[in-house]
Amino acid sequence: MNLALLLLSSNTLVHLSAVDLAIIVFYFALVLGIGLYLKGQANTGEDFFMAGREMTAWVAGLAFLSANLGSLELMGWAGNSYKYGILAAHWYWIGAIPSMLFLALVMMPFYYVCKTHSVPGYLKLRFGKGAQAISSISFAFMTVLMSGINMYAMAVVMRVVLGWDLNFSILVSSLTVAAYVALGGLRSAIFNEVLQFFLIWAGALLIPILGLIEAGGWTGLQAKILQNLTEQHVANPGSYTHLWSTLGSFGSNPMGINWAGIVFGLGAVIAMGYWTTDFLVVQRVLAAKDLRSAELAPIIGAAFKMCVPFIVILPGLLGLALLRDPSGHLLRLVPADQAWSAAGQAQGLHGYDEVLPLMLARYCGPGLLGLGITALIAGFMSGMAGNVSAFTTVWTYDIYATLINPNVSDETKVKMGRWVTVIGVIISIGTAYLVMQAQSIMDYVQALFSFFIAPLFGTVILGMLWKRASPAGGWTGLLAGTLSSVGMYTWVKIDPNAVRYVALSMDAQDQAQNMFRALWSCLICIIVTVVVSYMTKPKPDSELKDVVYGLTPIPKTERVSWYQSPIFWAVVVAAIFVILQIIFW
Amino acid sequence: MKSGSHLSIWFFTGICLGVNGLLIFITGIYEIANPPANKVALYDLHANVWWGGILLVLGLIYALRFSPAQERKRMSKNS
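Line by line, the protein sequences are chains A and B. Mapping to our numbering: the first sequence position 155 is 155, numbers consecutive. Mapping to our numbering: the second sequence position 53 is 1053, numbers consecutive.
Hint data in this document are derived by calculation from the structure and do not stem from the laboratory. These numbers come from a predicted model, not from an experiment. Even glycine gets a Cβ: it sits at the ideal position worked out from N, Cα and C.
Below are the DSS-like pairs computed for lysine-lysine, each with C-alpha atoms no more than 27 Å apart in a straight line:
#1 A:K39 to A:K415
#2 A:K467 to A:K537
#3 A:K39 to B:K1073
#4 A:K467 to A:K545
#5 A:K115 to A:K539
#6 A:K289 to B:K1073
#7 A:K115 to A:K467
#8 A:K115 to A:K537
#9 A:K115 to A:K415
#10 A:K224 to B:K1039
#11 A:K289 to A:K415
#12 B:K1077 to A:K289
Residues from chain A that face chain B, not an exhaustive set, calculated with beta carbons under 7 Å:
#13 V19
#14 L30
#15 L206
#16 Y363
#17 G367
#18 L368
#19 L371
Turn these sequences into a full structure, and let the hints guide you.
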């Protein structure tokens, strides 16, 4: 099909002008140019998979955050804030900041000192090949699945927002990612993630600024949301702008969750699991040039993560307050399946996830619109590249070089890395088309992801802090945690009344169920690991050097002034985090 | 990120912000001279002019500060 015809459509949310298209084309040209420029700097395994371990704290920190600002993140959480109100900000604050600081100050020294290439690689050093195999295979499976789903989600957004053909969006974005990651490896992915970080902020920051001006500041926004929701007879309208005060019981907030689910399920398990053991994000920090940079990188990431609700959560809240249809009536967004049904399309309904593009179309004229759309594309591509580069490393080091051909040379690893990048993207494209045929897969993905992440945190943290944990304890605990999570999920699917046991309340919505399932599966993993470890033989201390607390001499970092030390900035970030909780209580 | 013979990531960032800022700024000026028929909300604030201007200035600062010439200078000073 002709390119111009693909890009032009009358039935779309926004219409791009020539300058908007120029901005988008320039972005694609720049990321490909960076990949070509960096091709000559990825000749060894250390270069290709770990970016030469020479990233500064700022570059590693921004890439660490950017890899997480992926496809479903920007659109999905803006939609969630429209649906659940400011409670969605918990995923950015308590669901990120404490765990990022914990990674920086407690876990990073172990990852860094043992010089592992990946999180499954750490498990091999600590527990042996059993735990590594479970972790690496599940991680590789999840990354390509997530990458394909991100690709599909991006293509759908581009179709809804711009009227672009699904195949066109999938092919252009995936080929671009494949090209720049295959050429320059992790270094290219990180370079582009930093660029994407700036583009995301440049493109998205204007919406909350203009939105707050229009709404009359935060107080005006609160009043408008209360008024609109009251008019629409929505339950608990006041809870949409309060972070903690409505978490006393399950039924008094739109998410159907209580404070224990948020604090223990989200903050203590899911967030800890994701930010400290998901190799997709940890890989960026492992590329830091020294230990102090590796400790500072997650702290820098945490400082910016605290600001992300400004460009993701606030637009959702502004949508609740300000969005009107062409006749001036309040616009009420609906769940995606309802919006995309034939009846929904005929009525011109919009899904929750469309709130960000709708706000973009509201405020951004030519040029700014192109930048905003580029920000969305950049978000999608950074997430996709993060998945692909992490998959490539885990496949090459933890599956091929460990389980299939342990004698592989460094040169072969690099060659394999380039090919596996392309193969990973091809599998992701296949996954994207699979999802297109069976969209219900998307409903299961977040749950699938939590099956592996929550128990993995239990295994890694016990491995780092408890030297008695044995190899058999490690892999059986991981397996038991994962299977118990799958079991609880299946139980609720077969008997919906089981929610009262798994999530402690029949009011619990999907997100609340994820929190409690993660909490139980992590606890089961820890209990099984402890019991089996006491029944089996631990590794001798000599084999645990550099991987367990108490047996690992942490190298002295260079002497720096107090304001350059990681602990100082961690305290600053923690203090701001607490202040934000109080302000939005 | 990388000094010496390699271009810095901040240089690319500067180029990216600068080019986008310039395009948006020029479009904003053009819109003031030729107001569109369908205006966006808060059109009178002319966000594309000042936002484009901010991005352009930021981009220029980064691109010049981390230009290949500056990097070479910094490298020769350190060696």
